[in-house]
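Enquirer: Chain residues, written in single-letter form:
Number of protein chains: 2
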Amino acid sequence: MPALRKKPESRPGTRRSGSRRGTSSEGPVRPPSVVVLESPEPVLEGGRFPIKRLVGDHVEVSVDAIRPGSEPLTASICWMPPGSEETSEALLTAEGNDHYTGTFLVDRPGLWRYGFCAWTDRYGGWIDSLLKWSKAGEDITPDLPAGREILEACRARATDQEYGTLQAAIAAFDSDPREDLLTRLQSPSVREAARRLQPRADLVGPEPWYTAWVDRERAGFAAWYEAFPRSLGPSDRAPASFRQAEERLPEISELGFDVLYLPPIHPIGTTARRGRGNSDAPGPGDPGSPWAVGSAAGGHEAIDPGLGTLEDFQHFRQRAAELGLEIALDLAFQCSPDHPWVHEHPEWFSHRADGSIRYAENPPKRYKDIYPLDFESPDREGLWRALIDLVALWAERGVRIFRVDNPHTKPFDFWERLIREVHERFPDTIFLSEAFTRPKIMYRLARLGFSESYTYFTWRNSSSELREYFTELSSAPLREYFRPMLFVNTPDILSPVLQRLGRPAFEVRAVLAATLSPLWGVYSGYEFLEREGVEGSEEYRDSEKYRVVHRDPSAPGNLRPLLARLNRIRHEEPALRPGSELGFFPVDNAGLLGYYRKPRTPGRPLLVIANVLPERTLESLVSVPLEPLGLAEDSEFRVRDLLTDRIYTWKGRRNYVKLDPGVQVAHILRVEP
Amino acid sequence: MPALRKKPESRPGTRRSGSRRGTSSEGPVRPPSVVVLESPEPVLEGGRFPIKRLVGDHVEVSVDAIRPGSEPLTASICWMPPGSEETSEALLTAEGNDHYTGTFLVDRPGLWRYGFCAWTDRYGGWIDSLLKWSKAGEDITPDLPAGREILEACRARATDQEYGTLQAAIAAFDSDPREDLLTRLQSPSVREAARRLQPRADLVGPEPWYTAWVDRERAGFAAWYEAFPRSLGPSDRAPASFRQAEERLPEISELGFDVLYLPPIHPIGTTARRGRGNSDAPGPGDPGSPWAVGSAAGGHEAIDPGLGTLEDFQHFRQRAAELGLEIALDLAFQCSPDHPWVHEHPEWFSHRADGSIRYAENPPKRYKDIYPLDFESPDREGLWRALIDLVALWAERGVRIFRVDNPHTKPFDFWERLIREVHERFPDTIFLSEAFTRPKIMYRLARLGFSESYTYFTWRNSSSELREYFTELSSAPLREYFRPMLFVNTPDILSPVLQRLGRPAFEVRAVLAATLSPLWGVYSGYEFLEREGVEGSEEYRDSEKYRVVHRDPSAPGNLRPLLARLNRIRHEEPALRPGSELGFFPVDNAGLLGYYRKPRTPGRPLLVIANVLPERTLESLVSVPLEPLGLAEDSEFRVRDLLTDRIYTWKGRRNYVKLDPGVQVAHILRVEP
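Chains as they are written, first to last, in this note's numbering: chain A, 167 to 839; chain B, 167 to 839.
For the record, the hints were derived by calculation from the structure and aren't laboratory data. Wrong hints could be hidden among the right ones.
One copy or two, either will do: identical chains are not told apart, so a pair holds if it fits within one copy or between any two.
Stated by the list, open to error - Think about it this way: if two alpha-carbon atoms lie no more than 20 Å apart in a straight line, the pair counts; the simulated PhoX-like pairs of lysine-lysine are:
1) Lys711 with Lys534
2) Lys711 with Lys531
3) Lys817 with Lys534
4) Lys301 with Lys531
5) Lys534 with Lys298
6) Lys298 with Lys531
7) Lys301 with Lys764
8) Lys764 with Lys606
All chains, full assembly: derive it from the sequences and hints.
Expert: Encoded structure:
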């Protein structure tokens, strides 16, 4: 349905009832409409938070509209693009049972507003009654003027095409035989024109306005690669500079990643610096953890002198962009004891009774190289302002993706304000929430504005765990605002299944991450099967956080070809794009997981079958979900394995698979036409 | 947990965030708390409508409370009785995953308010950290003063018993060995006292206040009997008066009903009066439909002179009350052409182009004996006021139950205001909504205030229809506000299954209605198996709406014994009281329906198994729901059929039933201890 671009009518005092009203002692207000709107969708917490969408999405909306009595209603969706007060409107489709549905297109990033309207379809009610009276043999002559009057009001507001339709209908009152008149008056074109153009009796809406935050596509579809720039040098003898690291960008680009995420690039403190292997006694060459931000060389606004200058960083960023890699920076809002703020703004930190600043602690551990900021500081406003300005500064410098470190330890309101203010100036900014905490806190951070979120993926390994978790994430209301980012590893998480099972586990976890969500990520080293952990933990032994690592892209048997293929498949297959349907199907052997992805746009569906804890060869019959794939019972169809380019001919629902960890841990099968 | 009776603390500017806030240009407001409350339950549409409860209910509430970081929270429920600003409070129980639950008792009718609070449990966080540091061998001496300070603040606000506990803990700082001190500080009694009494850091709540409308028990538990008083005379030769009808009250009382609902008792118009059999040409003795309200003798405030005077009515009502029958009146807000308002307030009616008043019509039918009121009249306020005053008048006269005719044809706001205003003066008033219309309209009427509602019960006959419908009605959110009233028949609905199948259908539909909901009703004549319908419709042939009917309570084979027994069972069995659990269980034969009722209060559960379309004998194995009934697998147990007093011994899950329509159409089995 084409959109009408107009200001919707409204009348004073007309609004959806908000609460029990007292008897009207407030003077002559127009009474509330008899029409009521209920259950608007999608709406989060009554409109408290925006839903999230991507540029190019058609937002699917629905509402229930009711009124007493038997007259029909017309309902519409109204919307306003970011920063605009101009309203567009489209009529909704009546689906029966008082339910109305429709869509509107969001074609640029920013905060869109939308609201629902409904009004009494006086013309529809009139013509329906007229036809019944006429059929019962009653004289309808006295009833005709009322309908004619409505059509004349419509004609006065009609566009060229509708004008002709309405003009002909109105003329028919004077000229046509009664039967021809009735045929014309009940025609779909006249009814439709009247629905749109008649005076809107009993109008409700479009207030309250709900909001949709619309991101550019990369917020919902991207493959991330995390690398310490100081490790991107020619050797592990010294930290690399940005100029050196630049040379290694093509290697990363070849893997097909879209985003290169760098841990903090700022000066690193020396006081209480952690040494290699997280030791208390750093060696003279130990570079320290980049998350201990700040030194005499500067704070969060500065570049680690070892990496180079701001110009070097910008050169690196430009070169990455040319190779299709957008840079993401880390927002770690904490300070080393050498951060300039420690002296400039002592009030931004918590103090102990003896006046010393509290370092980070998580009993029984103390992190003496890090001072947390006190977000409830007496100079709360100054601190919050400074942090928001920092992000704006980096955005001005061209960085529009931020991975946020531990947002769940700072106030929700801080993030809501920071993201809102940055988005007002830079609506293309993307924020990834690194909150590994309890689910309700993670979800709150997503609702209040984070574009995407780390998940429990690394701790979901069995087929039932994966099925349950991704069913939750892909259902309402989460699917309206929580975009799961699946990192297969991070500098802090080397999951036990990788440590224990090695290569087949690395392979299957990459396939799962790349196909279960449109957002996935790899921390460098994964492709080289690095899996030496601290005994009984999920930490890396000799973590890169405290040293420089050199990796050889030509190392034999590495997973670079698999990562490159997965990223190519993701770019080629609409079924792996945002908004495509995810469903699980039965596999007889519980060691295997089966799911399908079905594109929302035209395109072929995929079936993924994975040996999720690949300790041994598993074989099984699987039950292909014929209905969602549009396949007929017992039909023969071909599937192409996008990982091997092998083609299989399958038939009907039940088909056979065998996955040998030594050969292939998963199928990504495209259903061929 | 005992309730604290107190005003909860609050601090200026502390409230749950309501919408995206601008940067603070409004002066020095206290910043919002870091604590956030989510998903309060039960709440309807964000608090737009009250939930419904009955006097004596323990309202079960829950909420999620989160805050950034790792400090624990304490949450509470606060509530205010009707008309009071005094707040009571009880701590909630932490159930894990940031979820908190609790209850509060509502012990009188009216509008109760309740809200949630949460605050940081500083003491809990402090003692937990202290124990970890101590275990790790760190010196905790510098950390001790902070906890002592909290306990001293608690002591200052403690009651006698808590005072002692706190005093001992504080003294221990000075006197006890370190290990004894820690044992004392982490004891449940000290922790609990601190949770309640410590200064409430980061407090949120209790705003916003949600509301619960609490009714007297009869609004949720009652058996209704509908009878035309004019038919309660010694013969059908003339309409009975109230004085005559009084003589028949014991007959109705014997059946165990709680409410006697009378169709309109007002003067009946003579203009266009409908004759016997709904004829256009009334005979001289035809009494007319009571729903054509108003004549020269008066309108809705008056009593039909044929029935007697107001004093006669009051005498009738008193006599009924003595017999345990409360009178319900009919609110039919429409007028006969002879109603005094037609002349006094012509503006309260719709007019045609020729100036004549529009009568009720539903194309292709016209109801010339009835003028609908125009609720959007230019004198809307005058009309609404007059109608509300009418209800208040009858409430003043002692009537506190109203069955409302066709509420779905009048504005929602009208009913919301009427019910609110009447409830403010007469909180024990009960309104039954007679809205046979689309579901969302019926549910809206229930949400806006109707105490109970007619349902689709008469059109739900098969076991799958009944299971589906009553599962919907007993699930959230409907169970929070929609109280289903199951009438087995009405003057307008003689369902096809009754017409076709006769006695066994009458029996089984009574058993279903009496046991599927705590509210059920019978329109007189049902017990005499009256089932002559208009061919192909669900109307009674020769309807009582247009004539006087005489019924003989001693007629052979009538269902009076069954109705009396059903009502006795309902009064004796806690499982049939409001709030008891309804669940369906599998029965192999789809012609039989099986469900259980499990009391919320102590008492024995019931199993009902019914031959729902009793055309022939059906036998089946049923699968007894052992888990909800608390029965062990393979255990033997006795069930007593409350309809026949027969006792069966059953074993385990699978048991056999046989229901022969000629003998018994249903079991109501009480599981014996």
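Enquirer: Please work out whether the CA atoms of Lys298 and Lys531 approach to 20 Å or closer within one copy, between two copies, in both situations, or in neither?
Expert: For Lys298 and Lys531, the Cα distance is within 20 Å only across copies (9 Å; inside one copy 81 Å).
Enquirer: At most 20 Å between C-alpha atoms: does Lys301 with Lys531 qualify within a copy, between copies, both, or neither?
Expert: between (86 Å within a copy, 12 Å between copies)
Enquirer: Under a CA distance limit of 20 Å, which applies to Lys817 and Lys534: within one copy, between copies, both, or neither?
Expert: Close neither inside one copy (63 Å) nor across copies (68 Å); limit 20 Å.
Enquirer: Cα distance capped at 20 Å. Does Lys534 pair with Lys298 within a copy, between copies, both, or neither?
Expert: between (84 Å within a copy, 18 Å between copies)
Enquirer: My question is about Lys301 and Lys764: at a cut-off of 20 Å on alpha-carbon distance, are they close within one copy, between copies, both, or neither?
Expert: neither (49 Å within a copy, 54 Å between copies)
Enquirer: Is it within, between, both, or neither for Lys764 and Lys606, if the alpha carbons may be no more than 20 Å apart?
Expert: neither (29 Å within a copy, 33 Å between copies)
Enquirer: Given a CA cutoff of 20 Å, do Lys711 and Lys531 count as a within-copy pair, a between-copy pair, both, or neither?
Expert: Classified as within: same-chain Cα gap 18 Å, cross-chain 83 Å, threshold 20 Å.
Enquirer: Have a look at Lys711 and Lys534 and pick one of within, between, both or neither, based on CA distance no larger than 20 Å.
Expert: For Lys711 and Lys534, only the intra-copy Cα distance (16 Å) is at most 20 Å; the inter-copy one is 88 Å.
Going through the hint list in order, the structure does not satisfy hints 3, 7 and 8.
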